[in-house]
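Enquirer: As a plain string of letters, each chain reads:
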Amino acid sequence: MREFLKIALNLFLISLASAAILGLVFMQTEKARKRNERTRMEQAMLTYVTPTPGAPAPAGVAFRSIHRYLVEGADGPVRSAIGYVLPAQTGPVVLLLTPEGALEKVAPITGDHDLEDEAERDRAVAQALGGKVRLTYTDSYAVAVKDGQRLASFIRGRTQGFKTWVHMLVALSPDNTVRGLDILEQEEDPGLGGDIGYEYFRNQFMGRTLEALEKLKVVKLPLPRDYRMCLERSRWPKLDVGADEIERMCQTHRDDDIYAITGATISSTRVTAGVKKLVHAFVTRMRAIDAVAAREGIALTF
Amino acid sequence: MEGNYTVLNRLTNGIFKENPIFKLALSMCPAVAVTNNIRNGVLLGLAVLFVQVASNCTVSLLRRVIHERIRIPAYIIIIATWVSVIDMVLAAYVPAVYKEVALYVKLIVVFAIIISRLEVFACRNKLWPSFWDGVGMGVGFLFALVMVGFVRELLGSGTVWGYEIVPFRPFFFWSLPPAGFFAIGLLMALFIWVEKKFEAWQQKRKEVRP
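Those protein sequence lines, which keep their order, are chains C and P.
Residue numbers are given in this note's numbering: position 237 of the first sequence equals residue 237, and the series is strictly consecutive.
Residue numbers are given in this note's numbering: position 54 of the second sequence equals residue 356, and the series is strictly consecutive.
Next comes chain C alone, as it looks inside the complex (with noise of 0.2 Å):
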């Protein structure tokens, strides 16, 4: 019994001990990481404010977030709404609309939060409703502004793929054309459907209008090859080719669906089911924003 119990203290102890250092390491570095991921983001994003992506972006670009929540029990026992974390010129502000998109509330955000912060918003947002509401997050999104204009704006999301969650960013011009698509993180198959995050694949999305989006199918054809050329933008260098016959290429396949990755055609129609989604709600949710915040006289920062 003495064994035994030496034994469990000395793992005990041992576990301990791991589990200070690792705590402390995580304290030290946690703010870093997420500052980390912050900047890659928005150097992700930075590559599609121009209209041609790549292009150098223009000094004095900013980002705004917009976080949309679902919140129940705001002001009354059973009412369901949802809420908008906007910037607005007089600080941030919690919109919340019906689901017709009629405006319930607007309740300014007070005191400093760092809002991009999961957990500091969510208890902002709380503070700011009165505290007795339940929420939950859904969605970011993230428009780029300068000097007033609207340059892009940027969809997190994610939908299912073939295994597991696919996470991507997708990049809108102000009229609502798919400028590209980031996967941001995937678990596919390698080789088969992890292909999504290869040019090839996710730059087919480029350029789509939101009509034509409406309408975009996934054929199971081989990618033609001079469509292979045009969509990997990163060997045009590489290419002895010249930029008008580029051009060309891309003119030919503009109209053409997404030809789905051979070997994965569940991972490319759900990648692609996906793209729709978020654009289409995205385009609902802001033309419900706009409207209200024109109506009401909220003025916005983007």
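Where hints are given, some of them may not hold.
What the hints assert, rightly or not - Taking lysine to aspartate or glutamate and the EDC-like style, the derived pairs with C-alpha atoms no more than 16 Å apart in a straight line are:
1. C:6 x P:370
2. C:220 x C:256
3. P:401 x C:185
4. P:401 x C:37
5. C:34 x P:389
6. C:238 x P:389
7. C:34 x C:114
Said to hold, decoys possible - Here are a few chain P residues that sit away from chain C, every Cβ distance over 10 Å (derived from the structure):
8. 307
9. 339
10. 342
11. 365
12. 395
13. 469
14. 483
15. 488
If you're looking for bench data, these hints aren't it; they were derived computationally from the structure.
Every residue gets a Cβ at the ideal spot worked out from N, C-alpha and C, and that includes glycine.
Once you've looked at the hints, dock chain P against the given chain C.
Expert: Showing chain P alone in chain C's frame:
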């Protein structure tokens, strides 16, 4: 149990006499999986080097504290702690490197070579020899991965560290995972052959000049 070990003895032991890949044949899965180019081999090798040295030192310091009957779980906790520490530190301070090695770093927890060195060497030796044993083993592992990576990258993609050597892919097969076994097997044979030759040569020299 504590023998007489010199620094040189520990280093040559790790790199040649008991090279983790070519002699002990431990931690073969990662060696096969990530060595289709040199760069991956070097990055994983460096991460292993760090974890091996850190765990060796920790176990050597705690060798009288850790209870004999739970040493294996205790070692696993120690290795996992160090792996998590470098995972978090890299993520926070060198995100560019982290992006490349994140996948491999987490794998190191289950590397056989690390725990075997703790069990065979560090738990019976003082801090200093244990430190050099860790360095020797880590460098030996790194050396093996670089060799395998070099052969496979050159033959498979015609490049070395991403730089083009031949303008085509000589044998694409060498880039695929199964080729890892062939590459390691052939290099292992070469390694042992060279060592035998060297030993014979040394023996001869001794006979000539006793």
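Enquirer: Now tell me if each hint is right for this structure.
Expert: Tested hints:
For the given pair, residue 6 (chain C) sits about 11 Å from residue 370 (chain P) by alpha-carbon distance, which is consistent with the 16 Å threshold. The suggested pairing of residue 220 (chain C) with residue 256 (chain C) holds, with an alpha-carbon distance near 12 Å, which does not exceed 16 Å. Taking the CA atoms of residue 401 (chain P) and residue 185 (chain C), the gap is near 12 Å; set against the 16 Å cutoff, the hint holds. A distance of roughly 11 Å separates the Cα atoms of residue 401 (chain P) and residue 37 (chain C); the hinted pair therefore holds under the 16 Å criterion.
A threshold of 16 Å between alpha carbons decides the hint, and for residue 34 (chain C) with residue 389 (chain P) the separation of about 14 Å falls inside it, so the pair holds. In summary, the hint linking residue 238 (chain C) to residue 389 (chain P) is not supported, as the alpha carbons are separated by about 36 Å, beyond the 16 Å threshold. Only pairs whose Cα atoms come within 16 Å are accepted, and residue 34 (chain C) paired with residue 114 (chain C) is accepted, the gap being roughly 12 Å. Residue placement check: residue 307 (chain P) keeps its beta carbon more than 10 Å from all beta carbons of chain C (closest about 26 Å).
Every beta carbon of chain C lies more than 10 Å from that of residue 339 (chain P), the smallest distance being close to 15 Å; the non-interface claim holds. Against the 10 Å criterion, residue 342 (chain P) stays outside the reach of chain C, whose nearest CB is about 14 Å from its own CB. At the 10 Å boundary, the C-beta of residue 365 (chain P) stays outside the reach of chain C, the nearest C-beta of that chain being 13 Å off. Interface exclusion of residue 395 (chain P) from chain C breaks down, the closest Cβ pair being 6 Å apart, not more than 10 Å.
Every Cβ of chain C is farther than 10 Å from the Cβ of residue 469 (chain P); the closest lies at roughly 12 Å, confirming the non-interface assignment. For residue 483 (chain P), the requirement that its beta carbon stay farther than 10 Å from each beta carbon of chain C is met, with the minimum near 19 Å. With a cut of 10 Å on Cβ distances, residue 488 (chain P) stays outside the contact zone with chain C, its closest approach being about 25 Å.
Of the numbered hints stated above, those contradicted by the structure are hints 6 and 12, listed in ascending order.
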